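Guided by the hints, dock chain R onto chain E, whose structure is given.
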Amino acid sequence: MSSASRQLFIKTNFDRCTGCELCQLACSERLLGGYNPHRALLQITHTCENLYHFPTVCNQCKNAYCANVCPVKAIGRDSDTSALVVDREKCVACNLCHRYCPLHIVGVDPELKKSVKCDLCGGNPLCVAACPTGALELAWCEKPAEAGEGE
Amino acid sequence: MMATSYMGKLLWVDLSAQRFRVDQTPEKLQTDFVGGKGFGAKLLYDLTRAGLDPLSPECPLMFLTGPLTATAAPSMRACVVTKSPLTGTYLDSFFGGRFGPEIKYAGYDGIIITGRAESPVYLWIHDDTVEFRSAEGIWGNNALAANDAIKNDLGEPEAMAVTIGQGGENQVRFALISCEYNRQAGRGGAGAVMGAKNLKGVAVKGTQVVNVHDLPAFKQACQQANAAIAESEVCETLTYGGTSTSIPWASLSGVLPYRNYSDQVDPKAEKLGDEAQHKHLFLGKAACFGCPIRCSQMGAVRTGKYAHLITDIVEYESAALIGSNLDIHDIRAVAHLVKLCDEYGIDSMSAGGAIGFAFEAAQKGVINAPEGIRLDFGSVEGAEYLIRSMALQEDELGRLLSQGVKHASEILGRDTEAYAMHVKGLESPAWGPRGTPGMGLAYMTADRGGCHQRGFMIGYEVGGEEYNGQPVEAHTVVGKAEILKGEQDYLAGTDALVKCDFGAFGVSAEIYARLLTAATGRRVDAGFFSELGERIWNQTRLFNLREGFRPEDDRLPRRFVEEALPSGPHKGQRISEEDMTAMRADYYQVRGWDEQGRPTEQTLKKLGL
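Line order of the protein sequences matches chains E and R.
If you're matching positions, the first sequence starts at 1 in the numbering used here and goes up one per residue.
If you're matching positions, the second sequence starts at 1001 in the numbering used here and goes up one per residue.
Chain E extracted, bound-state conformation:
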C-alpha cells in the first residue's frame, strides 16, 4: 500500500438522473430478495414538476452521527471498503441512527427489524451497475497521507 489512503464512494450526478428507480429496485432486491423502492438504501427526490431528480446515497460520513448515537456500537467501518456497516447481531433496533442521520438514509427496516444502511455492496454497488445513465458512479477518493495516519 502507498502512504495515501483511498476511499470508495458513490458519486451522484443529478444532471443525469431520470428518476427511473432502477437503482432502488436493484438495492431492494439485494436487501429483501424482492422489490420496493421505499425500502431501498438510497433515495430519489423529484422536484419542480419532475424536471429535476436528485439521487441521495449514504455519505459514509467521517463524522458519522448514526455510529455516534448507536448505543451498542453496531455501526462500524468495513476495513476493505471503508463503508459504515451495521452489525445486525449487535443492533437492538432502537432507530436512533435514523433519527439523527441528517439524510434519514439509515434506519430500521419494518420487516427485518434491524437497522439497514448502504454498505457499498462490499465494493461493487448494484445501484451503480443498474443505473442506465451514469447518474451513479463508483469513485475512489484519494487522500494524501497525513502525519500519523500512514500505514
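Hints should not be assumed to be uniformly reliable.
Stated by the list, open to error - Simulated restraints on C-beta separations:
hint	chain 1	residue 1	chain 2	residue 2	range
1	E	N59	R	E1275	33 to 43 angstroms
2	E	R77	R	E1156	30 to 40 angstroms
3	R	S1508	E	E142	41 to 51 angstroms
4	R	M1002	E	K113	17 to 27 angstroms
Source of the hints: derived by calculation from the structure; they are not laboratory data.
In this text the structure is predicted, and so the values were computed from the model without any measurement.
Yeah, the Cβ is synthetic: ideal placement off N, Cα and C, and Gly gets one too.
Just chain R now, with coordinates in the frame of chain E:
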C-alpha cells in the same frame, strides 16, 4: 406458499358507503386473464349490465396492475379500466409513471372503486389501511396542483397519487386521470367517471415487497430485456427525442393530420419535431418507473409569451393534434396549450380533435365565435379559449364540444358529421389512415374506438416492417385483416403484463415469456401472449356487443371515406365504403366472428369464454 409477483389481493372500495374490503384475486381470473387489460376486460363484463351509465355510481373504476408491474422488468405500466362516457364502449387507458407499482407495494393487484361520495373525497391507501378524506378544499384545483395538495395534506411526500382536474370534476367526456407524475390515463374519459364519483384523487404508499418465483432466472431475464432495449434502434430514437421525431417522419410519409385532416401532409411539420423541441424546450429526461428508455424529455419554455412554463415533451399525438391539426406551429404555444389540457385534466388528443372540428365549423359558419375570439386554424387564442371553456364548462360552446365531436355534430347537424373525426365517438388519433387502409381497419375495430395502439398497421404499410418476411403493400385492403388480428392479439396479451408499447420495440415475446415464467412460476412460451390476447380481445368484443354495437359502428369517419387526399405520397387515396366492407368481412372471418361481428360459438369455446 410459493413466491409469485402477484400480490394475490384486490381492494374493493365503495364510495357511497365509505367502506372497503379486501378479497383474494380469483385464481381463474389470474389463470385466464393474467392481469392488466385481461383483468379489466373480464371484470368490467362481469360487474356491469348492458346500458349502464358510465357516470352512475354503479360503474366500476378500476386501477389494475399486471404480474410484471412493480418488478425490475424494464418498462412496465398499469391501466385504468371502466366504461367510457365518451364512446359507451369498454375502456382501458394505460399509464406509466410511478403510481402503478405503488398499488402492489400497498399489497394489491388492483383497486376497484364503485359508488359516489356525498361530497368530494380523496382516498388514502397505505398498506391495509384505507381512509376516505375530505377533498372539499382541493376541489377546483388543477390536476397537478391537486397532486401537491394531497401530499401536503397527508404530509407524505413519498406517496404516489392520481388526480383529476377541473375537466374531470365537470365530467367532460374526455377528461383524463393524471397519474404520478403528469402521466395520463388520457383517452376515453376515465377522469369523468372519477369526477362523477366525487373522487378527486387516490394516494397510495406501501411497504410490501413484490417477490418473484425464481429470482436468479428473473434477474437473467431482466438482463436480457435491458440488453434488447439497449440494442433497439427504435428505443434509441425514443431515448434521444421521445416520439417527437415522428412528426417530420409522419408528414413525409403522408399520414400526419393537417387542418382537421383535410390533408395528411404539413408543410411546416419540422417546426413541431425533435429539432425544434430540442432547441426550444428540452433540458433533461424523466423516466417512468423502472424504464431505461426515458422517452420523456423534460424542459421549459424559455422565451416569448409562455416563458418559464415547465413542460414535458410535446409527444407526437399532442404535437400533431394540437399543432399541425390546428395549423399552429410555434412549439412553445403548442406546449402551452397541451400543458393547459394536462392541468385541466382533459385528453389533449380529443381536445385537439374537438378544436379542429370547431375551427372548421366556424369557417363554414355553423358556429359563431364569441366576441373578440378568432375561431380559425392557426389561432392559439381560439384554441386556448376552447380548452378553457370545455374544461370549465364556461359557455354553451364549451359544453357542446366537451361531449366530443360525435355528440357535438349530432347536436349541431348541418352536415357537420362530414368532418367530425372519430370512430365510435373517440376522436381520431394523429395517424391519418388514407393510403394505409390497414390502419383504417385498426381504427374501425379497436375496442375503445379510434385508437392507434391496438395494432399499429402504419408500421407495416409505410414504416417498412415486413410480414412473414415480405414487404406489405400500402394501398391495398388485401391481407390487412390477418396482419391486424396478429397485432391486436399480441398487444392485448402483453397489455396484461402490463407492458409499455415502447419497451416492446426491444423486448421480444420470448423474453416476456421468460420474465413472466420467472416472476410467477407459470411456465409460458412466446406463443402464450397471442393466445391470451385473443381471449381478451373477444371478451372486450362481447362487452361492446352487449352495449349494442353493430357492424355499422365498425367504420371510419366520412372524411376518410369520401374525400380523396389532395396531396402527398398518398394523393388521391381514400378508404371507400367498398374498402371498408371488404376489410370488415375479412376481419370478421379471420377472427372467427359471424357476419354480424359476433364471436361464433366455436370461437368462444376455443377461447374458453
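Structure-based check of all given hints:
1. N59(E) x E1275(R): 33 to 43 angstroms: Cβ of N59(E) to Cβ of E1275(R): about 41 angstroms, so the range 33 to 43 angstroms holds.
2. R77(E) x E1156(R): 30 to 40 angstroms: Since R77(E) and E1156(R) have Cβ atoms about 34 angstroms apart, the given range 30 to 40 angstroms holds.
3. S1508(R) x E142(E): 41 to 51 angstroms: holds (45 angstroms)
4. M1002(R) x K113(E): 17 to 27 angstroms: holds (25 angstroms)
When each numbered hint is compared with the structure, no violation occurs for any of them.
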